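Enquirer: Residue numbers (this note's numbering), protein chains in the order written: chain R, 364 to 944; chain L, 96 to 457; chain B, 181 to 414.
Derived by calculation from the structure, the hints in this document are not laboratory data.
There's no promise every hint is true.
Between beta-carbon pairs, the in silico distance windows are [as the list claims (entries may be wrong)]:
id : chain 1 : residue 1 : chain 2 : residue 2 : range
1  : R       : Asp853    : L       : His192    : 52 to 60 angstroms
2  : R       : Lys423    : B       : Val272    : 56 to 64 angstroms
3  : L       : Asp326    : B       : Gly265    : 31 to 39 angstroms
4  : B       : Val272    : L       : Asp326    : 35 to 43 angstroms
5  : B       : Ala205    : R       : Lys423    : 53 to 61 angstroms
Please read all numbers here as calculations on a predicted model, not as lab measurements.
All residues carry an ideal CB built from backbone N, CA and C; glycine is no exception.
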Amino acid sequence: MSVLETQGFKLDNSGKRVVVDPVCRIEGHLRVEVNIDSNNVIRNAVSTGTMWRGLEVILKGRDPRDAWAFTERICGVCTGTHALTSVRAVEDALGIQIPDNANIIRNLMQLALQIHDHLVHFYHLHALDWVDVVSALKADPKRTSELAQSISAWPLSSPGYFRDVQNRLRKFVESGQLGPFMNGYWGNPAYKLPPEANLMAVTHYLEALDFQKEIVKIHTIFGGKNPHPNWLVGGVPCAINMEGAGAVGAINMERLNLVSSIIDRCIEFIDMVYVPDLQAIASFYKSWTYGGGLSSQCVMSYGDIPDKANDYSASNLLLPRGAIIGGDLSKIHEVDLRDPEQVQEHVAHSWYKYPDESKGLHPWDGVTEPNFELGKDTKGTKTRIENIDEGGKYSWIKAPRWRGHAMEVGPLARYIIGYAQNNAEFKEPVDKLLHDLGLPLTAIFSTLGRTAARGLEASWAAHKSRYFFDKLMANLKAGDLNTANIEKWDPSTWPKEAKGVGFTEAPRGALGHWIRIKDTRIDNYQAVVPTTWNGGPRDSKGQIGAFEASLMDTPVAKADEPLEILRTLHSFDPCMACSTH
Amino acid sequence: MTETFYEVLRRQGITRRSFMKFCSLTATSLGLGSAFVPKIAHALETKPRTPVIWLHGLECTCCSESFIRSAHPLTKDVVLSMLSLDYDDTLMAAAGHQAEAIIEEVKKKYKGNYIVAVEGNPPLNEDGMYCIHGGRPFVEVLKETCADAKAIISWGACASYGCVQAAKPNPTRATPVHKVITDKPIVRVPGCPPIAEVMTGVVTYMLTFDRIPELDRQGRPKMFYGQRIHDKCYRRPHFDAGQFVENWDDDAARKGYCLYKMGCKGPTTYNACSSMRWNGGVSWPVQSGHGCIGCSEEGFWDKGSFYDRVTDIKQFGVESNADKVGGTAAGVVGAAVAAHAAVTALARARARPGEDQNSGEK
Amino acid sequence: MLSQQDMLEAERHGRQVRSIYVYEAPVRLWHWINALAVVVLAVSGYFIGKPLPTMPGEASDNFLMGYIRFAHFAAAYIFAVGLLGRVYWAFVGNHHARQIFRLPITNAHWWSEVFFELRWYLFLEKQPKKYVGHNPMAQLMMFFFFTILAVGMLCTGFALYSEGLGLGSWADTLFGWVLPLLGGSMQVHSLHRLGMWIMMSFVVVHVYAAIREDIMSRQSLISTMISGWRMFKD
Ligand code: HEM
Ligand code: HEM
Ligand code: NFV
Ligand code: SF4
Ligand code: SF4
Ligand code: F3S
Ligand SMILES: [Mg+2]
């Protein structure tokens with residue numbers, strides 16, 4: 364067996380090969396294989412995206428104004444962010460300026476997505492990696508109540524309340540039909556929470572499940588539905604009418620009041636439930652420092668949430684923009700999505716075909732041609748894969764690189780860059796959290812760091828929503844009701860050829876769509892997605908991606924129970940439908 | 096010890112009396128005599144929650160996302176008390192072989208008595224390896240799991256029709272569930288995604304009445320898909336009056352006129368949006384100013400732009416719409432007729448001086 | 181066989197009598213009612229798909245789309261009932277009444293007549309032939325571009341109509357199956373609209389041919405459709 368060195372990791376594929384497929388509690392289809400040495404430590408990690416739909420192929424030849432709807436269906440979890448990225452790409456290509464109100468409404472929708480996605484991720488996709496549901500049955504409701512009240516003023520915290528939840532849970536468990544909790548890793552020594560904390564977390568799992576459906580009503584108001592609200596090239600489809608006849612069918616005072624009250628409730632829930640829970644859980648897992656992966660080396664963020672409309676320069680973006688390489692926090696590199704040398708996608712180990720697979724391609728020149736072939740050392744057959752061969756092609760995800768580096772993207776990357784930029788909005792909450800937990804800065808380069816950054820960001824997004832809501836009201840007071848620019852709606856006004864790029868910071872990280880338009884139709888469309896960055900396979904130089912790096916050198920308590928693997932993978936909130944599209 | 100269906104109903108605030116009434120109604124609707132009422136009651140009082148296996152093929156998970164938005168019943172009540180969601184990749188605690196073992200267990204233990212809910216669809220190209228599950232083609236897992244099921248729910252446009260990945264040229268040959276599973280009752284619940292309460296409504300109907308709902312020609316529950324968006328649209332008076340939004344954000348848009356000219360597919364789309372609305376009744380696409388894109392209709396991705404009513408007809412291979420094809424045809428025919436008339440006139444004029452047309456050989 | 185018989189009939193009568201009774205009254209009546217209905221259908225249909233500019237005022241004071249759609253549906257019923265009546269007459273009327281419903285496609289002579297007419301229209305024949313009923317070429321056109329198309333418009337039209345009447349309505353029971361068959365409601369709209377254009381193309385050619393033949397072919401046409409009598413000019 365061989366040992367390969369890359370990015371400071373030693374990939375050793377001797378030892379026991381453990382396969383996790385399907386990886387659950389994520390979006391889509393992911394397979395992971397790791398090699399575990401005799402001490403149960405992960406020495407090699409292989410992440411395989413196991414689905415592909417061909418959206419980039421399907422988009423060819425279509426009307427660019429329709430593209431948002433197609434790309435929105437890349438993912439229903441980060442619903443809307445692809446649509447926003449898409450309309451931005453088309454607007455960039457055609458030189459369309461959107462009204463300020465449209466920019467604000469788009470930001471409100473994007474922020475609502477961040478809040479929703481992070482909350483659902485924490486409680487419903489990630490919590491069970493830290494929380495032992497069955498142990499919650501052993502909790503004393505009174506002490507649970509004390510614990511809850513000691514960390515937050517959230518009113519739902521009486522002993523009786525926790526007892527009710529516990530009773531319901533008991534009945535459920537005793538019914539013998541465990542539903543989604545069936546075959547979980549309950550009792551695994553990697554679970555560290557006391558029963559009371561477990562009961563509190565389970566209770567909030569249910570509360571968050573009720574609450575999440577309220578957050579998305581911001582999408583419903585402006586976009587008509589959620590998941591998959593509607594968007595528009597040139598602005599937003601919802602018209603505003605504050606006082607005229609027919610205002611009941613438009614964005615009016617009642618609608619705005621509803622948005623405002625949802626924002627208040629989001630701020631409340633996140634600051635009084637989510638963040639305190641996060642901190643409480645973290646305090647029990649402080650010593651579990653694994654999963655940092657690439658985060659201490661290479662991270663990147665495109666930035667998002669333009670303060671003023673139509674200005675996508677770093678200084679106007681409220682989420683940080685930049686790249687850090689080699690762990691040098693003192694130097695933030697500029698990211699230029701138009702530069703053919705910067706963002707490139709490789710397919711040496713991906714199930715696609717390039718004319719020359721030793722090189723990457725910039726997305727404007729990107730090619731998406733499926734090519735399913737397994738490496739020669741694959742164990743099993745084409746339709747019965749037992750062990751994948753990472754020496755060959757092994758994933759439906761492409762491998763994006765920034766100036767040749769594998770990068771981690773996502774909330775943690777954004778916070779690291781914001782921190783390194785000395786941006787108080789990002790630095791202060793990190794310092795406070797670390798201080799409260801008694802941890803050094805290096806602790807954020809970890810699984811838990813990723814999970815924490817997401818919680819902090821949810822809070823940031825909730826408060827920023829308030830800022831943008833107030834801004835919208837100021838515009839309306841000033842008499843500006845515009846929501847769409849239709850100057851270039853008609854394709855006959857377009858140039859014969861155009862190309863553009865749109866970007867956002869999706870919940871899982873930096874997202875870009877590159878479009879080429881020819882004769883009013885899409886000539887090429889390429890999406891490079893957060894989970895493509897994080898979950899991608901090796902590149903032509905053998906460099907590993909963020910998922911693979913993060914699993915390296917992690918000890919697992921029980922080799923046949925992949926709890927630690929799930930925990931670290933989940934900290935990225937993998938979205939496979941996004942990653943492969 | 097088991098929380099039974101009866102207990103669940105009781106906890107939902109349903110009295111013993113109405114429970115018995117429900118049992119007798121069920122007996123009647125199943126064509127059973129009143130002697131069966133206590134039997135049904137007994138069955139419901141002791142029956143375990145119906146296991147549901149929720150599979151994911153090629154999809155975007157937004158049907159799951161929609162499902163958890165349900166306000167009545169609350170998703171937590173559905174999951175904790177009404178059914179037993181034993182397998183769902185998106186929510187379940189277990190992974191890998193511990194997850195796969197559940198499917199086997201449910202199949203054995205509840206043979207013929209579990210429901211399979213499918214989100215997404217199986218691709219058939221590349222031997223099915225565009226969607227891999229446990230190292231195998233998803234389509235195999237789907238077939239095996241459905242083999243012993245009582246009924247199947249096809250969630251969303253993906254499972255029902257193919258949806259976006261089946262849009263032309265459908266590179267993976269993504270195929271709707273009923274084309275792969277042909278020997279089981281299938282309820283199609285289209286929409287991209289379907290409305291949350293439509294989803295929970297279908298499920299609870301099936302659990303309550305222990306049968307699949309009445310379906311229309313396309314296998315959709317009539318109760319939610321029996322009418323078009325347009326039939327119940329609150330902007331319909333503007334349509335009938337001939338009052339349309341002519342441009343985004345124009346005066347008519349601010350007044351909430353009909354979105355027909357902006358391409359609204361409400362007149363050709365069967366769904367419950369215009370009456371049930373979305374996310375607890377907050378709004379729905381037309382109310383928020385964008386036309387319906389027809390997301391619950393078969394192949395809605397390939398019916399031309401979302402912003403035209405007179406849209407492309409792809410059968411012609413080229414992208415063209417009825418007015419372009421037909422108008423061109425009519426134009427060509429008109430021109431040909433004119434030319435023909437001209438030639439005729441010319442021929443006649445030339446013929447006249449010489450011999451009279453009518454003095455032929457006859 | 182019919183058209184051959186027709187031709188003989190014409191040739192024979194051509195020398196002896198100057199006119200024959202071809203189109204019985206119900207056919208003539210139907211023809212003009214149908215022509216009117218089709219024009220109303222096409223015009224109203226066009227504006228259903230591409231409505232007129234927005235009406236000012238309150239919605240409750242206007243009903244333009246409603247009236248246009250009413251005109252369409254009213255004409256549609258007339259069109260449908262007329263066609264049914266015409267089918268009935270094909271059974272009870274004279275043999276000319278059957279022409280637009282039945283093509284003698286196995287009759288080689290008939291085909292040669294079709295090609296003769298084609299040559300005539302292409303100015304390759306000097307002398308036209310005389311026919312009591314339709315000339316074979318016209319018959320072919322009528323069959324495909326009117327009869328078949330009319331049935332198609334009827335099926336798609338009533339399928340669309342059934343959507344308004346609702347599931348379980350008579351129209352749904354009779355025509356509802358058309359919707360899934362043709363790929364859904366939107367597709368049926370598009371095809372129905374395309375049908376309108378094809379029908380219009382037919383009408384243009386048909387009217388032109390009628391006038392032209394009236395002038396050129398030594399027999400009456402337009403007045404035949406009015407009086408029923410085919411007059412032979414020589
Ligand atoms: C020669 C015969 C006909 C012509 C030329 C014609 C033409 C049209 C056209 C152009 C449209 C607009 C399609 C669109 O753009 O969506 C239309 C719509 C329609 N037609 Fe017809 N049509 C004919 C016969 C019929 C018949 C027999 C019916 C039966 C009731 C019918 C019922 C309808 C209906 C229900 C609509 C849709 C109306 C709406 O969406 O509001 N049509 N027709
Ligand atoms: C929408 C308009 C029209 C339609 C759909 C239509 C349709 C038809 C059909 C189906 C026939 C065959 C009748 C039968 O054999 O039962 C026919 C015959 C005829 N139509 Fe029309 N027609 C239209 C308008 C007109 C107009 C405007 C004229 C006169 C200018 C006209 C002149 C004739 C004549 C002369 C015949 C008899 C042809 C012959 O004798 O072979 N039609 N038409
Ligand atoms: N990766 C990814 Fe997404 C996100 N966030 C999008 O761009 O999840 Ni479905
Ligand atoms: S039907 Fe639409 S919403 Fe549902 S999974 Fe498929 S793409 Fe997503
Ligand atoms: S907005 Fe759409 S659904 Fe509503 S009346 Fe107009 S066309 Fe119909
Ligand atoms: S787009 Fe879909 S959500 Fe409803 S209004 Fe139309 S069916
Ligand atoms: Mg891509």
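Enquirer: State for each hint whether it applies.
Expert: Here is what the structure says about each hint:
About 56 angstroms separates the C-beta atoms of R:Asp853 and L:His192, a value consistent with the hinted range of 52 to 60 angstroms. Between R:Lys423 and B:Val272 the C-beta distance comes to about 58 angstroms, which sits within the given range of 56 to 64 angstroms. Look at L:Asp326 against B:Gly265: about 32 angstroms separates their beta carbons, and that is inside 31 to 39 angstroms. About 41 angstroms separates the C-beta atoms of B:Val272 and L:Asp326, a value consistent with the hinted range of 35 to 43 angstroms.
The supplied range of 53 to 61 angstroms is met by B:Ala205 and R:Lys423, whose beta-carbon atoms lie about 60 angstroms from each other.
In terms of the numbered hints stated before, the structure departs from none.
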